[in-house]
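Chemist: Taken in order, these protein sequences are the chains called A and B.
For the first sequence, UniProt numbering gives the first residue as 1, with consecutive numbering after it.
For the second sequence, UniProt numbering gives the first residue as 1, with consecutive numbering after it.
Calculated from the structure, these hints are not laboratory results.
Don't take every hint at face value.
Unchecked claim - Listed next, the in silico BS3-like pairs over lysine-lysine satisfying Cα-Cα at most 27 Å (straight line): (1) B:Lys267 to A:Lys437; (2) A:Lys356 to B:Lys269; (3) A:Lys500 to A:Lys512; (4) B:Lys346 to B:Lys259; (5) A:Lys690 to A:Lys325; (6) A:Lys356 to B:Lys266; (7) A:Lys356 to B:Lys372; (8) B:Lys276 to A:Lys437; (9) A:Lys210 to A:Lys143; (10) B:Lys399 to B:Lys259; (11) B:Lys259 to A:Lys325; (12) A:Lys437 to B:Lys372.
Please read these numbers as outputs of a predicted model, since none were measured by experiment.
One letter stands for each residue in the lines below.
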Amino acid sequence: MFGLQASSAAASWVVGRMGTDAHLYDDPEDASIPALLDSRFDADRIDALKRLLALIAQGVDVAHLFPQVVKNVAAQSLEVKKLVYLYLLHYAEKRQNEALLSINIFQKDLSDINPLVRAWALRTMAGIRLHVVAPLVLVAVKKCARDPSAYVRKCAAYALCKLFDLLPEESTTLEEIVDVLFSDNSPGVVGAAAVAFKSVCPNCLALISKHFRRLCETLPDIEEWYQITLIEILLRYVIARHGLVKDSVMFASNLSLVAQGGVTVDTMSYTQPTSVGGISGTRPNIMLLRHYIEEHPGCFDREDDKFSSPSVTTSTNDDVAILLKCTSPLLWSQNSGVVLAAASVHWIMAPVEEVKRIVGPILFTLRSSPDAAYVVLGDILVFAKTAPLLFAPYDEDFFICSSDPYQTRALKLEILTTIASESSIPAIFEEFEDYIKDPNRRFVADTVAAIALCAQKLPSISSTCLEGLLSLVFYESSITNSVHLDGEDIVLVQAILSIKAIVKIDAASHEKVIIRLVRRLDKIKQPAARSLIIWIFGEYSSVGNLIPKIIPPVLKYLAWSFAAEVLETKLQILNASAKVIIHSAEEHLEEFKRIMAYITDLAACDLNYDVRDRARFISNLLPCGKTSLNENDSTCQSHSQDIRKELADHIFGGKIPTTSHSDSNYRIYLPGSLSQVVLHAAPGYAPLPKPQSMELIYHTIKLTRDTANSSESNNSNAESESSYESGSVYDSESEGGGLSDKDATGSSQYPNDDGHNLHHRQDNQEAPLVHMYDDNVDQGQTGRNVEDNLSSLISTDLTELMSKSALESWLDEAPALPAVQESMQKSIARVSFTNRSFERKPKLHTLLDPSNTSGLSVIYAFSAEISPISRLLVCIDLFVENNTTDQLTDIIIKSEEASISKDEMDQTSEGSASIPTLAPVEEIRSLAPQQTVKMILQVHFHHHLLPLKLSVLCNGKRHPAKLHPDIAYFVRPLPMDLNAFLCKENQLRGVFEYARR
Amino acid sequence: MLQCVFLLSDSGEVMVEKQMTAHRVDRAICGWFWEYVLAHAAGDPSKVVVSPTHYLFQVYRHGVTFLACTQVEMPPLMAIEFLSRVADVLTDYLGDLNEDIIKDNFVIVYQILDEMMDNGFPLTTEPNILKEMIAQPNIVSKMLNVVTGKSSAIGNKLPDATASFVHWRTTVVKDASNEAYVSIVEELDACVNREGVLVKCEACGDIVVNSSLPGVPELTLSFANPTIINDVRFHPCVRFRPWESSQILSFVPPDGQFKLMSYRVKKLKTTPIYVKPQLSSDLGNCRVNVMVGIRNDPGKPIDSITVQFQLPPLIASADLTANHGTVDILADQTCLWTIGHIPKDKAPSLSGNLRLEEGLAHLHVFPTFQVKFRIMGVALSGLQIDRLEVKNTPSAPYKGFRAQTQAGRYEVRS
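Only chain B is shown next, with the shape it has when bound in the complex:
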């Protein structure tokens, strides 16, 4: 049972305070929490913090800390998942999430919080239903507000879906364009150790469906090679039985875009690109050389390649240049090398010199290189959609498929 939810800004200011139960929580707890964050955790606090009076749960998104307090036993994951759901819903509502947006739309934030939680327990968390209860701010309503001075964000009717068995779908979907898009979005996690060996390589994918279908459609999605999937998790709309028996996804979709399924394919053999960092140091100098190239051509262009690493501590100066792309050293001692495409004629490389601090001959800590890239049109795990059947619609809908892979936690140690 959550007693209170606070939204804190990046400077520790309390932006929103919503008491959930009779056991009120004084906002002094936020001050305690902020001091704790600054003192102990160096900006890296645990998700569950024990304060002298309360147990605190926190989720951090885009500069906003969502803080919840309780004094009694409750499933901690319920609190954490709820806070991240609040963050997701607010992002969805307000288009983005940051300190200013929260303050500008504080009334909506309050209304959403009130609807999402009652007496410290989640009440209505389904975004589709919430949107019917509390109108989303958009350009039209804002203009109307400016011109007429009136506004009503509160829906005056109870959404029908609250009573239905498919609680994620609004019963009457208006002006549906009769389309369904399925996209596979994969993230490649890889870890290359200091010897250059690929320790771990796996793909984590989401199947994102954007449906705009009238009525109550029945969708069936099947894969050509479902056996390669190791782990799955589903949106509540997916029926478990067909998946258990024959690995088919059968569902009534919510309206709009949603994540139908997440999956993981483990033990992949190769990565599409290689990154080879070399750091050698002596006499207070450290030579850096990073090479990037295509190892295993996926057949589609690889773009938005970046390589990022934290400069080691005890560096007096850094002088890094690349033969392709741009090198920036950011404020937090991070070096960002933006490559973009890999050119055909040359292999991009970053080289340069790090000057170590006085008295230090060798580098004793080595940075980890985070690699980002994006490939459109390919799912690197090899997962393929066999077909999508849509039943229960008045006319045959338009169906579209696409795939995309990007780097997730792709790390190369040096």
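Isolated chain A, as found in the complex:
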């Protein structure tokens, strides 16, 4: 019967395996793979490729067959192709040269009529990551981004991410493709574009602004994975653009507003600043805010109030409202990642009274996706610490069930203690009582610790807690005495620790508890538990009325048992008796001193160094009877006694500094991030952008867009106008033109937007926000108005007198301009300044790459400052960084050609003007590891675009380098008064012509 069953089971197993690839996995090398690969039949080749795959799966290196496999890439059969691709992707990086062989086939496949073939070719071509073919891939991606098949476009977006690793210098081109993909009308492609955005240009939030509304609206239609990514991007955009919401949790001072209807609010228990959790008033929220945005400490420095004024917005802001509206249905998503991402948007941006809508969905994910529970609970813990009342009504969701793993249990316990309030504590306590009987002893110990935390938070229940804990101590001690099992005593020790923590708050009123605990001493055998009780006894020996009465018998008992104790208990006995001596009243002092002397005598003969040491120390500090060596010099004696007393008081009577809960150094990261789970900043973690940091860029885009829209013929106008704006325009509208020439003509526009990509964090000087707009409407009366407005708006240094020489510095050798006549027509361009601050980020160029120079990295950026030596010199900021672990010494930067001498500086002689020259710079004596030094280089470029040849000497080695000039910085600002400006402006043909008509 059984045999029959067994054979039928075996038969079904055989049938189950029949036709699968089982035999290939079991024995991949039982056939000659190279021979099969060269076979003419697809079936053989598939067989061989499957064997190779099996070997890869088992961790065998089969890279040596690369050439034979690669040639199969040309096969017609899709299955062969797919298997070859799998192999290629696995090994291409190891075998770069052979992988090149496949490129032609990919190129051919890219124009196949089957979109699947195109998509695969693109995925594989980008996936094999060969630097040599990266430009080819870029071309392919550009083409595929406009492919008729949405799937291919989606793959193009993925290929962008891969390309970015290979071609970081092409980031502008890649951004343009991201932009194209964002405008796609298939939700799948838009979602994939979000992924590409995240890896190509995560800080280029200005790109989002023109798509923002549409992205929000497509949010529900795109796939869940993309939703997670896109929600995060949109949140960052809104914060960078509009700032935080004023009435959100981030700024709420009193979170009692968050409380749900039926719950009686007991704000007192949360606003006690002394309570353990530190959950008080406004502090944690500002702290939360700091943790989320910490990257820019400048804006939070001294006063938090100051911060709240400039960079907040309200939830009625259109963009904020639409983001909240479009993310709220996502709280019903079946993917817990989406729920958490949507919830964190609401947590950060929604008004306080609406935050509670996230609670239900988040808690539901605990049940509906159990795998996610651990991560979600970690985030709930942060939410609950900030706004305990939000979760207070849901305590039963955090009740622990027997199937929860240990980590989940620990988190749930912590949340329960955080949200416990006067009204919910009875139910929570009943639960805790049940948990104490749980078979998992570590969890029981945690529960006991949680009880103490609750009691510290809600003093009204402390006596109930103590009763429970005492009976637990008695019960546990009886068990652990009879059975010795690993981890059994942690509960007992933790229970005593908890008692100690509760007693500490108000020792006098709990003295009976202390007495009962001490009386139990002879029943408790655990050394750790014993020492704890002895410590409690010593610490509170002078507290209350009853404890002093029990001191003599206890002390005698301790002296009697001293010899049998273990090390830590012996030390505690010594300490405790010293404390008793210090605090005891006169009448018993002699008796105690005798006991003390007995104990120190015993201890002085102990086997352990530490005990002997401690005994000697204490007997010197507190002379107990027999120390009277020489009575004659009594003054000296009394003096030293005073010092001893002082010392002893300090050592034994000193209050222990209240060990603040880990809250102070508790780091909080953005909800839903990996960093929040692992509690350290994972590589690549980026806090939220600084609120309203992209204000300027947004305005100017709007401006350029408006003007560009007005008519075709105005294009030149719009451009010139935008280039007036201190080079801050992000040129997002120029899809075709912006690509081609970024070196010469567009350079005034680029520094800023490239600076954004590099995400280089520097403090830049603040500049006023310039807002320029046309004022065609009331042309008639502008004349006077403009002058009034401007003279009142423009700061005084702009209206300083204009000198001829200053004018000449536009182009230094330019001949004096002919005198200008007063024009009848006035300008109608209007400039307004607001007090908005913004950062200008300079474009950074690399002078020396650390990989070539054994760790010395030099980056330069052109600065707009005027050289103190001569106006003809262009200032360049140089950032010298040491990337090695060693000290670098004697870094000298000098020109390959001779540098200019002082007297030559102002001359513009034709002879030496052909090559750029460098003003002498001081050397850097030494550079510590990871240190960055900024220095200023002053170069006379003589208005040529020739690079300056430099040699950098470091540690005695010479590194050649070339510094390429940026033509935009040859131009100098020219101060002039309004009238002069207006008449000069009239001479500029073609710029303002259209307005004059």
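Keeping the supplied structure of chain A fixed, place chain B upon it in accordance with the hints.
Modeler: Chain B in isolation, oriented as in the chain A frame:
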């Protein structure tokens, strides 16, 4: 961005290794992980583990550990949800999930992984589309493979759905039988504390739809009493607006069986059955007595009742008998009492004696009893489907409804 996905067997062997990005992960990390599991977590590892070199995410299903590695910040839930999606898709494809099945079908596993993730980010995860791209192994294809020696699991055409707005539905559903079945599957979570008080009782339900409809049908499902629902979550096909405004589910279904919606009804008053455990111990003996009976008759038969508990540690021997059903003590010190139906004439009870280890007079830890049962034909939360409308189909389809409740996390502490 996930750098690598590994599939580990129950013994820690690497069955499948799929590198996702250029930053290759050496499979030595699996060895580290396995040692970590054995050393620290006692088979209960956290879902996110920090190794010296990588952050690891893991999901465990039926003896297979799905392990993913990354070195950079990414939403951890994305990784965990992705791994569980991989597990679901593989289960769906291969019928079941275990070590042997993964090894036998490793080529399909590779192809699915490659399609589901590209460059460390999920690409195509919709099972319907995947099935068109990579054929599901079935008896016919296996036989064909055996007879002809040829097979092609790869679809040679791009599924149309990749381009469509309803990305979960294949555009051309062939041989549809024009039927739609809606079933409510509820799980009852309850917790009874040591005093016998019902601490928590709630029902978590799924609405599972099995649709086999031609064309692009429009379905509308409404409930008689939607207000009792506390929490919801939906399949991507459900439109949010109709639910927001009038609690109606409006959707274009994917083909085949899928979970349309999950919901939770909290604060239920009673449970259909009671379980009353009593443990009393003295002098090294512990008497166990468990009674089971019907508390609140749901009107339909309750079957497949089982009561399970972990024997406390420090037990020398156990002697347990029941007056109805069978009692088994499993290898991991679990006592399983299979009751089945509750007979009309007597109340089932389990009684017996646990002999404690030498020197232990009293039991100090008490087990938690997990109760399982099943009731066909009833949704205990009381949720009722009002009606299902199907539009946009050539002929009126056949519609079917059913309901079922089973025990979820039903726990009785003793």
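Chemist: All hints are to be evaluated individually against the structure, with a verdict given for each.
Modeler: The hints, checked one at a time:
1. B:Lys267 to A:Lys437: holds (26 Å)
2. A:Lys356 to B:Lys269: holds (25 Å)
3. A:Lys500 to A:Lys512: holds (13 Å)
4. B:Lys346 to B:Lys259: violated (39 Å)
5. A:Lys690 to A:Lys325: The hint holds at about 23 Å.
6. A:Lys356 to B:Lys266: holds (17 Å)
7. A:Lys356 to B:Lys372: violated (34 Å)
8. B:Lys276 to A:Lys437: holds (17 Å)
9. A:Lys210 to A:Lys143: holds (23 Å)
10. B:Lys399 to B:Lys259: Holds. Lys399 of chain B to Lys259 of chain B sits at ~17 Å (cutoff 27 Å).
11. B:Lys259 to A:Lys325: holds (26 Å)
12. A:Lys437 to B:Lys372: holds (23 Å)
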